[in-house]
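Protein sequences appear in the order of chains A and B. If you're matching positions, the first sequence starts at 1 in my numbering and goes up one per residue. If you're matching positions, the second sequence starts at 287 in my numbering and goes up one per residue.
These are calculated hints, taken from the structure and not from any lab test. Please read these numbers as outputs of a predicted model, since none were measured by experiment. Incorrect hints may have been included.
Unchecked claim - With a straight-line Cα cutoff of 27 angstroms, these simulated DSSO-like cross-link-like pairs (lysine-lysine) come out:
no. : chain 1 : residue 1 : chain 2 : residue 2
1   : B       : Lys616    : A       : Lys180
2   : A       : Lys161    : A       : Lys95
3   : A       : Lys95     : B       : Lys478
4   : B       : Lys478    : A       : Lys180
5   : A       : Lys172    : B       : Lys478
Claimed, not checked - So the derived label-pair ranges between C-beta atoms look like this:
no. : chain 1 : residue 1 : chain 2 : residue 2 : range
6   : B       : Lys613    : A       : Gly117    : 45 to 53 angstroms
7   : B       : Glu879    : A       : Arg13     : 15 to 23 angstroms
8   : B       : Val863    : A       : Arg13     : 30 to 38 angstroms
Glycine residues also receive a C-beta, built at the ideal position from the N, C-alpha and C atoms.
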Amino acid sequence: MSTLADKLRGLRRQAGVSVPAASEPVSAPARRSEPLPDNLRALLGVRRHTRVAPPKVATAAVDLPGGTIAPGLQLCEATVAWPPAPPLFHAQFAKLDAWIDPERLVLFDTETTGLAGGTGTRAFMIGVGDWHEGRFRERQLLITTLAGESAMLDCFASWLKPDSVLVSYNGKSYDAPLLKTRFRLQRRASPLDGLMHIDLLHPVRRRWRGAWENCRLATAERQLLQVVREDDLPGSEAPAAWLGFLRGGSAAPLHRVAHHNSQDLRSLGGILHQFASPQDDLHPAD
Amino acid sequence: MNALPNPLARRAVRQDGALAAPVLGGDELAGRLAKRYGDRITGAFVQPAREGRFAPLPGDMPPALAQALRSRGIEQLYDHQAQAWNATAAGKHVVIATPTASGKSLCYTLPVISAAIRQRAKALFLFPTKALAQDQVAELLELNQAGGLGVKAFTFDGDTPGDARQAIRLHGDIVVSNPDMLHQAILPHHTKWAQFFENLRYVVIDEVHTYRGVFGSHVANVLRRLQRVCAFYGVSPQFILCSATIGNPAEHASALIEQPVTAITESGAPVGEKHVLLWNPPVVNPDLGLRASARSQSNRIARTAIRAGLKTLVFAQSRLMVEVLTKYLKDVFDSDPRKPPRIRAYRGGYLPTERRAAEREMRAGQVDGIVSTSALELGVDIGALDVVVLNGYPGSVAATWQRFGRAGRRQQASLGVLVASSDPLDQYLVRHPEFFQGAPPEHARIAPDQPLILLDHIRCAAFELPFRDGELYGPQDATPWLQVLAEEGVLHQEGERFEWIADSYPANAVSLRSVADGNFVVVDRTEGRQTIVAEVDFSAASLTLYEGAIHMIQSVPYQVEKLDWTGRKAYVTRTQVDYYTDAIDYTKLKVLEAFDGSPAGRGSAHHGEVHVARRVAGYKKIRYYTHENIGYGPVNLPDLELHTTAVWWQLPQRALEQAFDHRQEALDGFLAAAHALHIVATVAVMAEARDLQKAVGSGDGAWFATPDANGRAQLRAGFGEDEAVLQGPFVPTLYLYDAFPGGVGLSAPLYERREDLVRLARELVHRCDCHAGCPACVGPVLAADEQQERSLKSLATRVLDLIVAL
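For reference, chain B alone in the conformation it holds in the complex (with noise of 0.2 angstroms):
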């Protein structure tokens, strides 16, 4: 084995210099590196440290479950771990949305206990993942054992042995799941737990700013679900939800139990000085507009951080990205091998027992960088660091937030870095710090009466309990969707009942991820494995898995080598290709009903339901950084239709005649305007980017706008027609539309702010730094644009200035 260190390490290493001298704090850190590439830092604040504020142990809490915290060092709460206790023990429904790290777990642990001691209550825990509901476990057990309180807490999930879950239904104290099991093993089979729910007093769900979208919408009905079983077992549990820090965590979580709820938001806990650095790549290539990676920045923001002797953690989005970062880190650090490991990955993936190993070095100090994916963003705890360096933003400002929390002491000053790679939600991001100081920009929404996820939590609730005629499910009869599940003929109705017949189990059929289950499969048969790999949505296949796409599956390339549509399956192998792949769609909208319309500008803003239609005319071959379309492929898959709901805009046909000379860029306008628009509206309802979509059309269907090889817009009338001969009025239409039959709730809440909106996009154009266009603002522009006011950019800001608000 080698002992010498890498050649590369070492040059990087002296590169460091001064740079990397030992620190006292993040602080000192953020300082230099902020005078050694001021050129990349976007924005630089300073959270201020933060005095405690406590209340001494509450005085009706059980002498023994003080005596128990107080064993573990713990002789009085934070204010608002006091506040949770003060209000739970009013019986109100609370929602802590402190941020991490502020102690929440007691906001809800010590009700919980207090109640299994004194009435035998039960309480039921809904984590979102297997790791924290079994941390959660492991701390209970360390309280009870410390005060010898005789709670029993134990996980029920997919891995609990069968002859175990008995013991645990009949002796559980403390039941500790997650939503996928109580959907489809708990509430199915509620008779078993009959015991259960009698004595059920509270139920604790945890991270629920993560139930929103498509996945939210699940969740919520299977509360009611649970709420309708707890009341035919004559309870009615509270609920404590904790969540991270949003823009709505008291509206959300109403939502989602469809009850009042007390909202408890300012953290009593001390906080030592946070540095927040928003670092951007350098560009590289100016006529491209390519950027370094970041990769290469991270790996120099941690390895300087660890030489200057702060304990630092890497976030990387996919597990590849984290061998790749901790090689580059070990080569560095861990040369030579007798000595024990200064750095360490982590991922879900490992066996629990080498989580646990890693976490106990941690905690003990014994790691110097750590670099993991978003496992360790939740709970668990791994001591004191100093220094957080995300590779690539999370997805949203929330989980920012969550992961910058990692880093924090008391005595000296913490730091968190946010490196943004080239995806255009990165690049808008990095760019407004003002979304991570102010008030959270991202608002968390649910469709819980979203009609084909409503249809499918009925039918589980039928199987669960009979419905009588009348009755309400959520806020609405459920009347109509009983017959509709009678003519299905899983149920029967009898006088005033509608009872479940069929022999079937509805819940297995039930995912709570996606809109019905027509999903796709993505199986892996590289070198003669068959191993499923991902799951795409039904919408979103003939975009991406047609034959011959590249497709990318956590960063990894793979090229679809046969598609079974009616199968629902796509078989891939792992491909090295210079090449990307990106669909020609060609989307065709029209509008069915406009609920809502206001003017906007000069033009006005609606929003109501459209009728969807795309077809995959054929796929282009782009190489990599250059751009270059060196080819083209033909896709022969069904088109889409969709019935959904969407938010538009439009500009009558004079306001478009006395701004732009040609209709050819007042369309090309459009298309970069809308692009601006979907990125700005991704984020602030916190959509996954597959959730919304956006097109450029007439409103009635006539005809649609598709960017060409060049990207410059094309105006069609059909799919298979070319170049459109328009008659009658020139309206243009620009439509934000959610990507699912029925709609997802997205559109409300966008065409609520849909000045905000415009404005944001409007100024996302203006400050990008690109020359004429780029995908992180109005798209990709394939060829150079010589002159300026053609450009992209210059043509969506007119577009987006006549419909800006007045």
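For reference, chain A alone in the conformation it holds in the complex (with noise of 0.2 angstroms):
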């Protein structure tokens, strides 16, 4: 702990903040003694003296979902049968007048940060799904660095098209204007601006609301699918899981998120499957 933490700390406690103890030691980087700036010196009355930087976290050899595709960035790629891809149809449920392609179709679901909104907040996954000659082609990006996030932006720009339609749940309010800000502080361009935006969180909520005890992704693919996730991770555990990890911990939650994320890809098909296709009949094969 810095000298000008400590002061800090015994600021703040006259102040009458309640300060909780001092988290355990962070791995960083060896620090050089920064000097403080005179005035802060003289004000905080510091005396000198070196600090020791605290020893750097051994870890592990760390065993990564998926593959390097640029340094700070993974991409983990699979194909599955399910769920089978929509034939030809009509956006009218999602309130869309247009007939879609499945093959302009691109399901996309993050996994942030947290909840907090605004600027802080970031995607460290970015997970899209489509149909790919005849399969379910999941891949997703996945930053091991903050440095890594251009790489990524840049990577899921390149899969979308002028005429791709995304699909998402809750992604309108959430995970699209998250996207919108990263690439925006990044100086790039959005992708996502003029796409057409299915989000299956509202033809859910017209045909279903009053009918379940809510309209999350987890109620709806229970419902809908008869999907039930065993030893799951769940969605509001996986901001700690990416930065335990990032903080030096171990990779083995960044498996579980994967494996989250990989999930919510698949009940997002298959719910745009029941829309788009209602008298299908959609038991996943496994």
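Join the two chains into one complex using the hints; note that each chain is given alone, in its own frame.
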């Protein structure tokens, strides 16, 4: 802990702010001792002493999901049989007056660092699902360093075409604005602007609000697709899983996050199929 | 309903007699009041009428805008408005510090609208209140309509509905908001405002003199964050600031935006003759030194003015007082319910529709008397008035002039009367008419690098945009602070960059009006309610919120029934008791480091860092008016500890031995002198009363002095012990310290003006009308003191004489 931190903690206690005990040492690259600006030193009465940086936490060889496609960026790719591609459909259920060719569909779901909103929240994983050569293809981008974000955004942008139709669950209010903010902060044009977007939360609500206890994705997948997840990492734990890894912890939880995201994408595809082609039987093959 | 006027009111009217015969102008009324009540008037002066100084509408103004002005009757500009136009055209940052009602808004409206027309450039306006913001937008829209200018202006604040917000972000040319909104809603979501920021050309900030002290230090940091975000979008906006008259407008404006600023201080607006009277209510009980209430005087003056046919505005300090004064005046003037009301009350709490209606009636001249809180101090157009009466000093000379500025007509003289209450600050100001006549005595100060404030805002800034190692924030390297935040866990450092990774929204935890958020909330539990009625700083909580305390909120007494210290809540109920409470506080200071020092008379003055320890040992119950001590009560709260900055004076033992017979006398003198110096210093740095505190003790923290039941000094070594036995040299020290951990930037300017302060304190004591001492000079004297040489007043004078510059 630095002496400035001690001083500030003291001042905050004097100001009546309840200060939590210092958290365990964060693994950080060795700090050079930074001299405090003179006025600060005078004001805070900091006595000079050099501090030794805490030793770096030893990290085991990391076993990350997928493969590295750029520094700090992993890609996991898989194709599965279920959910099957919907036929050509009319999107009136989503209040869009258009016939949609399933080849245009881009399903997406992000995992983020939290729900606080604003410019301080970022996506650490972008999962994309589409139908490719007759099968459901999942591609998940995961950043393992903060610096990998721009590569992730560029890769995601490269998967989008002007006629792409986005499909999400609450993405219009949450995922899309968040990604737009991230593109902006990285000084890139947002590829999401102008694309058609089917946010399945709204059609689900219109049909089943009042009939189910809520319209969360977990409820919808259980009710419509009879999907029951086993040993699933709850979405609310995803931010902590990634932060723990970032701070030098184990990569094991990241696999569980990827698994959770993957299931989200499949359920998204299944629910879309329900609306696009309601008469089809959609029991998952596994 | 009783159609006859109140008999007391009728008697009052009869008493007024000839005084209330119709007059032509404020000067005549001033003369009559001076003749009848000369003994109450402590100062009277006249500001002569001034011709207007004009300039033609600038040639480089868009023709549509010039046309719109002409269609609203504006054919030329005042001199200072033209200067503002030229300075902004030259790309400079500008502060306009001309008096109220000099047409400051055109100084910023014209450049902003021109840029909007020509380049679709955008502007952000920051106003301190929603009412002002709404009025400004209304004005802009009128001008826009008059010229078909196509400029879109919107307010953006807490009341703006969600679906309107996106439209404003995308399409607003002029966004009118306030510093809190900028801090909590706009900057942390700046990507949603990308289009707005990319085209942002001007930032207009009104009433910048109110951004001082703790609040000003926060706002300066919000502006740092704003400029940082603008730099991200590749723009560097121009600032146009408006201020009331203070002693240092250019310096203050420059400190707020950390850029050089051109000041425009001479107004070209024509001004009618203005008479000013400073009024001190008469003493009604010489033994106790009690004066008549300010309310009784304001009532009489307003009644006289209205009966004399002059339109009058009375400013009251609280909503309760507005109601009281309105009732008195309505009893006299609105006794016939069939006639339209001549007296109107105005408060911030009224609905916007009610306020609009009131303003319309005032502008139309249908109202003869208005009683208002400070809500009417700023901006809003209510037509011409003849007389303004201030019931109590509004807290600064600048605010006094702003209120006086409400009265004024071209063709006849107007009158402003300041009626002092018994508050020591009021008494001090009303006896110094020169503060109101000459150069403004007040300097606005901010401390943007206050450690806790700085930490909070660097945290918010890091949420908005990542930091690079070695990046500057304001004038200093942010790296040590970023490391602290990384240790806290909200930032993650990767290579050169510090990025936000926590799941929290830091701006929500930062209040722009307090230092770190330990504030207490006061909850009214009268008759089963649960409403929050006030907020109290952490450092003031143990002095005013102990169980049993009588706590005044808006001049209404409440008693504290329960204090939840860890929950930071105090539960109060309305009370009717005939006493007030005064905490017995023991304050011990220890000097940690002296930054600077110099001789002061036969002693020395210093400024530096101190450690303050304070315990509230109990409280006294004191009967109103007689000041009798009728009992004590216990207080059991945690001690307060502060590391802060202070300015202090010391006298060597030899000088004291020569001047005083006993140590007791010297200590009494120090306590009394501290009281006077505190009053004087509070005014000099425009501090709120709570920002600056006083104490007397030894420089090394060995002992401190505290007033006993009779107001005499009692020496103590520790919080639990009784009278201490002094060993070693006797070097009493008088401290004035910043009441916030880390200081709040008051000590340095006080140290710079130390010689002035001592001189003014001496004058204050010398010129006080009281016999042996009173709260307005050296502190309350509870027992009558027979011997002149040993009175607190004479002792204070002796101490001050010793430290005054030779």
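request  = Give me the numbers of the hints this structure contradicts, sorted from smallest to largest.
outcome  = 1
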